[in-house]
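There are 2 protein chains.
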Amino acid sequence: MLKTIEWKNGCLKFLDQTKLPAEEVYQETADFREVAQAIKRLSIRGAPLIGVSAAYALCLGAQEAEKRFPENYFDFLDQVDNTLRHTRPTAVNLFWALDRMREVWSKGKLKGESMQTINLQLIREAQAIENEDREINQAIARLGSQLIQTGETILTHCNAGALACGAWGTALGAIYWASVKDNKKISVLADETRPLLQGARLTTFELLKNRVPTTLICDNMAGFFMAQGKVDRVIVGADRIALNGDVANKIGTYSLAVLAFHHSIPFHVAAPLSTVDDKIFTGEEIPIEERGKEEVICWGERQIAPFEVGVRNPAFDVTPNQLITSIITEKGILYPPFIDKLKKLKKGDG
Amino acid sequence: MLKTIEWKNGCLKFLDQTKLPAEEVYQETADFREVAQAIKRLSIRGAPLIGVSAAYALCLGAQEAEKRFPENYFDFLDQVDNTLRHTRPTAVNLFWALDRMREVWSKGKLKGESMQTINLQLIREAQAIENEDREINQAIARLGSQLIQTGETILTHCNAGALACGAWGTALGAIYWASVKDNKKISVLADETRPLLQGARLTTFELLKNRVPTTLICDNMAGFFMAQGKVDRVIVGADRIALNGDVANKIGTYSLAVLAFHHSIPFHVAAPLSTVDDKIFTGEEIPIEERGKEEVICWGERQIAPFEVGVRNPAFDVTPNQLITSIITEKGILYPPFIDKLKKLKKGDG
Numbered sequence: 433m434l435k436t437i438e439w440k441n442g443c444l445k446f447l448d449q450t451k452l453p454a455e456e457v458y459q460e461t462a463d464f465r466e467v468a469q470a471i472k473r474l475s476i477r478g479a480p481l482i483g484v485s486a487a488y489a490l491c492l493g494a495q496e497a498e499k500r501f502p503e504n505y506f507d508f509l510d511q512v513d514n515t516l517r518h519t520r521p522t523a524v525n526l527f528w529a530l531d532r533m534r535e536v537w538s539k540g541k542l543k544g545e546s547m548q549t550i551n552l553q554l555i556r557e558a559q560a561i562e563n564e565d566r567e568i569n570q571a572i573a574r575l576g577s578q579l580i581q582t583g584e585t586i587l588t589h590c591n592a593g594a595l596a597c598g599a600w601g602t603a604l605g606a607i608y609w610a611s612v613k614d615n616k617k618i619s620v621l622a623d624e625t626r627p628l629l630q631g632a633r634l635t636t637f638e639l640l641k642n643r644v645p646t647t648l649i650c651d652n653m654a655g656f657f658m659a660q661g662k663v664d665r666v667i668v669g670a671d672r673i674a675l676n677g678d679v680a681n682k683i684g685t686y687s688l689a690v691l692a693f694h695h696s697i698p699f700h701v702a703a704p705l706s707t708v709d710d711k712i713f714t715g716e717e718i719p720i721e722e723r724g725k726e727e728v729i730c731w732g733e734r735q736i737a738p739f740e741v742g743v744r745n746p747a748f749d750v751t752p753n754q755l756i757t758s759i760i761t762e763k764g765i766l767y768p769p770f771i772d773k774l775k776k777l778k779k780g781d782g
Numbered sequence: 433m434l435k436t437i438e439w440k441n442g443c444l445k446f447l448d449q450t451k452l453p454a455e456e457v458y459q460e461t462a463d464f465r466e467v468a469q470a471i472k473r474l475s476i477r478g479a480p481l482i483g484v485s486a487a488y489a490l491c492l493g494a495q496e497a498e499k500r501f502p503e504n505y506f507d508f509l510d511q512v513d514n515t516l517r518h519t520r521p522t523a524v525n526l527f528w529a530l531d532r533m534r535e536v537w538s539k540g541k542l543k544g545e546s547m548q549t550i551n552l553q554l555i556r557e558a559q560a561i562e563n564e565d566r567e568i569n570q571a572i573a574r575l576g577s578q579l580i581q582t583g584e585t586i587l588t589h590c591n592a593g594a595l596a597c598g599a600w601g602t603a604l605g606a607i608y609w610a611s612v613k614d615n616k617k618i619s620v621l622a623d624e625t626r627p628l629l630q631g632a633r634l635t636t637f638e639l640l641k642n643r644v645p646t647t648l649i650c651d652n653m654a655g656f657f658m659a660q661g662k663v664d665r666v667i668v669g670a671d672r673i674a675l676n677g678d679v680a681n682k683i684g685t686y687s688l689a690v691l692a693f694h695h696s697i698p699f700h701v702a703a704p705l706s707t708v709d710d711k712i713f714t715g716e717e718i719p720i721e722e723r724g725k726e727e728v729i730c731w732g733e734r735q736i737a738p739f740e741v742g743v744r745n746p747a748f749d750v751t752p753n754q755l756i757t758s759i760i761t762e763k764g765i766l767y768p769p770f771i772d773k774l775k776k777l778k779k780g781d782g
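Just so you know, the sequences run in chain order A and B.
Quick note: the first sequence uses the working numbering, first residue 433, plus one each step.
Quick note: the second sequence uses the working numbering, first residue 433, plus one each step.
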């Protein structure tokens with residue numbers, strides 16, 4: 433597996449995912465602002481990985497606070513937290529991880545602990561989040577694999593793999609486990625996932641590294657292959673799940689869910705419980721990030737449309753729970769109705 | 433309107449559509465092989481325009497036959513016809529136009545007419561096809577506009593505009609007529625249409641030239657906007673229509689039709705009767721062109737996926753008639769069931 437991030441001598445080292453698959457470039461920084469920027473421009477991406485990285489970025493901020501602004505340590509932490517919370521609006525793991533970090537430093541403040549002590553505890557908390565993510569990934573992968581039969585072709589969208597997480601991945605985790613651990617003969621259809629091509633650039637790259645037979649298609653081809661009976665199952669990740677089971681995920685997921693429903697193909701969402709937002713009840717409340725027009729009309733040097741044209745670029749969409757066959761979490765595979773099960777698991781999780 | 437092709441002093445001048453919107457480059461040739469190549473690599477594209485261009489390419493072949501192979505004039509014409517028929521398999525207008533041309537030279541052969549006479553008749557037939565296409569476009573545009581209400585947002589896929597036809601266009605023709613002639617305030621959502629981006633490159637370019645408010649989206653966003661109530665109607669073109677009303681059109685059309693059906697949004701196909709293939713009864717019989725993997729994984733200089741990955745690249749899909757609200761032809765707007773109406777109109781057309 434590729435190492436997407438690494439905490440090392442008080443610095444965060446991370447893989448710049450915008451350069452994949454052409455180059456494997458790592459960046460190392462002690463500046464939380466650089467991590468915030470990296471999250472914004474999708475060098476660091478994937479809901480679980482955003483959470484882990486934000487936790488480490490907060491550690492970088494805490495180190496800076498101790499060194500440069502010891503008198504305003506907590507105010508500075510507030511600012512760091514605020515900067516990180518404004519990087520991307522949809523993936524709830526970001527806020528979940530920052531909430532955990534805030535609890536650590538708030539407790540330290542109440543107890544009157546030293547900055548050094550708090551900083552050490554923050555690093556431990558970030559490492560705990562990272563390690564838990566690894567274990568959670570494994571649990572999701574193992575459970576998800578149970579759904580997959582040998583001989584199946586699985587369609588996936590965007591990248592919910594090792595690159596999106598601390599390890600293994602969620603949707604791709606289930607696929608890896610089925611293929612590598614459980615030795616099921618499966619193959620994958622990977623949607624390229626416009627505009628930023630996480631499917632083409634990242635998912636095919638990961639799957640080939642793990643020797644899972646993979647075919648790349650354009651997003652608009654999914655229906656064609658479903659109609660031909662070439663898709664046995666759809667598995668995707670999630671950026672935020674409402675208590676009723678509505679799922680926000682990469683733009684295009686909703687269209688896939690409608691297509692799967694029309695063709696009676698099972699549609700699964702694989703995500704850690706940290707992706708469930710117990711403050712909201714339906715997907716309508718999930719904020720959808722709108723990104724810049726240049727992502728759609730510029731391809732590196734090449735411009736593919738007149739610059740005067742209007743462009744819409746929502747980064748996510750919401751799939752209503754009625755279109756979802758099951759949600760694979762680390763604590764079990766959930767079937768509809770989701771609301772009571774998600775509520776109960778979130779309480780246990782809290 | 434842009435002039436896509438022009439017959440001029442025994443040469444065919446055509447716009448290289450692969451270079452749009454960055455450059456408006458015209459190519460002029462007396463060699464039918466270059467026209468065949470241009471059709472293959474989509475410099476000339478769009479079902480109606482392919483038909484017209486193939487007719488003129490046959491005239492170029494006839495001139496060459498007269499000049500270089502007078503003893504084997506008809507054999508050479510056979511070869512030219514054969515070369516042109518093997519450029520692209522799905523759009524039936526190609527075969528329809530070449531059938532019309534073949535009838536001209538076969539009659540000439542039977543009557544023992546001179547090569548000069550036959551060549552003149554061939555040019556007249558190609559010009560007739562071009563002129564008819566212009567009139568048919570207008571009729572489709574005028575009829576199609578009747579379906580469109582002021583205030584509507586219309587989603588379209590690929591390019592069924594002036595660039596795809598001798599003039600006006602089919603799906604975009606209806607949109608132009610509604611906007612420019614009938615003064616209805618409408619706007620368009622244009623799917624970018626991967627892999628070759630005809631929507632991003634050509635449709636937005638055409639619509640902006642005609643001052644129709646246009647917003648470009650990625651193909652995977654259509655469902656999102658439908659769910660938000662932002663799409664009032666879908667209008668697309670066609671590459672081949674079976675007698676039962678099943679429609680082959682650019683890949684992604686089928687997914688759109690399923691999405692429109694799910695959201696109870698009217699889904700219209702605009703096409704000349706020459707696109708109806710009265711030799712086939714259902715869409716299952718329509719051959720679907722599969723194009724090269726490089727179209728999906730290469731973007732100019734940039735490679736977006738590992739070259740080892742498998743790629744599928746069907747250029748078209750088939751939308752079953754059950755998902756189609758109406759088919760707009762030059763002879764009227766047809767509603768389901770289509771089969772008897774299409775049969776009747778094709779007889780009148782033949």
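These are computed hints drawn from the structure, not numbers from a lab.
What you are looking at is a predicted structure, and each value in this text was computed from that prediction instead of being measured.
Heads up, the beta-carbon is just placed ideally off N, CA and C, and yes, glycines get one too.
Keep in mind that a hint or two might mislead.
Not everything, but these chain A residues come out facing chain B in the computed CB check (under 7 Å) [said to hold, decoys possible]:
{"hint": "1", "residue": "L552"}
{"hint": "2", "residue": "A632"}
{"hint": "3", "residue": "N652"}
{"hint": "4", "residue": "V690"}
{"hint": "5", "residue": "A737"}
{"hint": "6", "residue": "V743"}
With a straight-line Cα cutoff of 30 Å, these simulated DSS-like cross-link-like pairs (lysine-lysine) come out [to be verified]:
{"hint": "7", "chain 1": "B", "residue 1": "K617", "chain 2": "B", "residue 2": "K711"}
{"hint": "8", "chain 1": "B", "residue 1": "K499", "chain 2": "B", "residue 2": "K451"}
{"hint": "9", "chain 1": "A", "residue 1": "K617", "chain 2": "A", "residue 2": "K641"}
{"hint": "10", "chain 1": "A", "residue 1": "K435", "chain 2": "A", "residue 2": "K776"}
{"hint": "11", "chain 1": "A", "residue 1": "K725", "chain 2": "B", "residue 2": "K543"}
{"hint": "12", "chain 1": "A", "residue 1": "K617", "chain 2": "A", "residue 2": "K776"}
{"hint": "13", "chain 1": "A", "residue 1": "K662", "chain 2": "B", "residue 2": "K725"}
{"hint": "14", "chain 1": "B", "residue 1": "K539", "chain 2": "A", "residue 2": "K662"}
{"hint": "15", "chain 1": "B", "residue 1": "K472", "chain 2": "B", "residue 2": "K435"}
{"hint": "16", "chain 1": "B", "residue 1": "K662", "chain 2": "B", "residue 2": "K711"}
{"hint": "17", "chain 1": "A", "residue 1": "K725", "chain 2": "B", "residue 2": "K662"}
{"hint": "18", "chain 1": "A", "residue 1": "K499", "chain 2": "A", "residue 2": "K451"}
{"hint": "19", "chain 1": "B", "residue 1": "K499", "chain 2": "B", "residue 2": "K541"}
{"hint": "20", "chain 1": "B", "residue 1": "K725", "chain 2": "A", "residue 2": "K641"}
{"hint": "21", "chain 1": "B", "residue 1": "K725", "chain 2": "B", "residue 2": "K763"}
{"hint": "22", "chain 1": "A", "residue 1": "K763", "chain 2": "A", "residue 2": "K776"}
{"hint": "23", "chain 1": "B", "residue 1": "K617", "chain 2": "B", "residue 2": "K763"}
{"hint": "24", "chain 1": "B", "residue 1": "K539", "chain 2": "B", "residue 2": "K725"}
{"hint": "25", "chain 1": "B", "residue 1": "K451", "chain 2": "A", "residue 2": "K725"}
{"hint": "26", "chain 1": "B", "residue 1": "K451", "chain 2": "A", "residue 2": "K451"}
{"hint": "27", "chain 1": "B", "residue 1": "K616", "chain 2": "A", "residue 2": "K725"}
{"hint": "28", "chain 1": "B", "residue 1": "K776", "chain 2": "A", "residue 2": "K617"}
{"hint": "29", "chain 1": "A", "residue 1": "K725", "chain 2": "B", "residue 2": "K541"}
{"hint": "30", "chain 1": "B", "residue 1": "K662", "chain 2": "A", "residue 2": "K472"}
{"hint": "31", "chain 1": "B", "residue 1": "K641", "chain 2": "B", "residue 2": "K763"}
{"hint": "32", "chain 1": "A", "residue 1": "K725", "chain 2": "B", "residue 2": "K617"}
{"hint": "33", "chain 1": "B", "residue 1": "K662", "chain 2": "A", "residue 2": "K711"}
{"hint": "34", "chain 1": "B", "residue 1": "K543", "chain 2": "A", "residue 2": "K662"}
{"hint": "35", "chain 1": "A", "residue 1": "K616", "chain 2": "B", "residue 2": "K725"}
{"hint": "36", "chain 1": "A", "residue 1": "K451", "chain 2": "B", "residue 2": "K725"}
Ranges of calculated distance between the beta carbons of each label pair, as one might list FRET restraints [stated by the list, open to error]:
{"hint": "37", "chain 1": "B", "residue 1": "K451", "chain 2": "A", "residue 2": "K775", "range": "29 to 37 Å"}
{"hint": "38", "chain 1": "B", "residue 1": "K711", "chain 2": "A", "residue 2": "T450", "range": "49 to 57 Å"}
{"hint": "39", "chain 1": "B", "residue 1": "I771", "chain 2": "A", "residue 2": "Q754", "range": "29 to 37 Å"}
{"hint": "40", "chain 1": "B", "residue 1": "I771", "chain 2": "A", "residue 2": "F739", "range": "40 to 48 Å"}
Hint check results:
1. L552: Since chain B brings no Cβ nearer than about 42 Å to L552 of chain A, farther than 7 Å, the hint is violated.
2. A632: 4 Å, holds
3. N652: Holds: closest Cβ of chain B sits about 3 Å from N652 of chain A, inside 7 Å.
4. V690: 5 Å, holds
5. A737: Constraint on A737 of chain A satisfied, holds at 4 Å.
6. V743: Holds - the Cβ of V743 of chain A comes within 7 Å of chain B, reaching about 5 Å at its closest.
7. B:K617 <-> B:K711: 40 Å, violated
8. B:K499 <-> B:K451: 33 Å, violated
9. A:K617 <-> A:K641: Judged against 30 Å, a Cα distance of about 16 Å means the pair holds.
10. A:K435 <-> A:K776: Not satisfied, since the Cα-Cα distance of roughly 33 Å exceeds 30 Å.
11. A:K725 <-> B:K543: Given that 30 Å is the threshold and the Cα spacing comes to 62 Å, the pair is violated.
12. A:K617 <-> A:K776: Violated: K617 of chain A and K776 of chain A sit about 35 Å apart, past 30 Å.
13. A:K662 <-> B:K725: Holds: K662 of chain A and K725 of chain B sit about 19 Å apart, inside 30 Å.
14. B:K539 <-> A:K662: Answer violated: K539 of chain B to K662 of chain A is near 48 Å, above 30 Å.
15. B:K472 <-> B:K435: Roughly 20 Å separates the two Cα atoms, so the pair holds.
16. B:K662 <-> B:K711: 39 Å, violated
17. A:K725 <-> B:K662: Roughly 19 Å between the alpha carbons, so the hint for K725 of chain A and K662 of chain B holds.
18. A:K499 <-> A:K451: 33 Å, violated
19. B:K499 <-> B:K541: 17 Å, holds
20. B:K725 <-> A:K641: Holds - the C-alpha atoms of K641 of chain A and K725 of chain B are around 20 Å apart, at most 30 Å.
21. B:K725 <-> B:K763: 39 Å, violated
22. A:K763 <-> A:K776: 11 Å, holds
23. B:K617 <-> B:K763: At roughly 26 Å apart (the allowed maximum being 30 Å), K763 of chain B and K617 of chain B satisfy the hint.
24. B:K539 <-> B:K725: 43 Å, violated
25. B:K451 <-> A:K725: Status holds; Cα separation ~21 Å.
26. B:K451 <-> A:K451: With Cα atoms ~27 Å apart, K451 of chain B and K451 of chain A stay inside 30 Å; holds.
27. B:K616 <-> A:K725: 27 Å, holds
28. B:K776 <-> A:K617: 51 Å, violated
29. A:K725 <-> B:K541: 59 Å, violated
30. B:K662 <-> A:K472: Holds - the C-alpha atoms of K472 of chain A and K662 of chain B are around 28 Å apart, at most 30 Å.
31. B:K641 <-> B:K763: 28 Å, holds
32. A:K725 <-> B:K617: It holds: about 24 Å lies between the C-alpha atoms, which stays within 30 Å.
33. B:K662 <-> A:K711: 28 Å, holds
34. B:K543 <-> A:K662: Cα-Cα ~54 Å, so violated.
35. A:K616 <-> B:K725: Roughly 27 Å between the alpha carbons, so the hint for K616 of chain A and K725 of chain B holds.
36. A:K451 <-> B:K725: Holds: K451 of chain A and K725 of chain B sit about 21 Å apart, inside 30 Å.
37. B:K451 <-> A:K775: 29 to 37 Å: Taking Cβ atoms as reference, K451 of chain B and K775 of chain A lie about 57 Å apart, which means the hint is violated.
38. B:K711 <-> A:T450: 49 to 57 Å: Between K711 of chain B and T450 of chain A, where Cβ atoms are some 50 Å apart, the hint holds.
39. B:I771 <-> A:Q754: 29 to 37 Å: Holds, since I771 of chain B and Q754 of chain A (Cβ atoms, about 35 Å apart) stay within the stated range.
40. B:I771 <-> A:F739: 40 to 48 Å: 46 Å, holds
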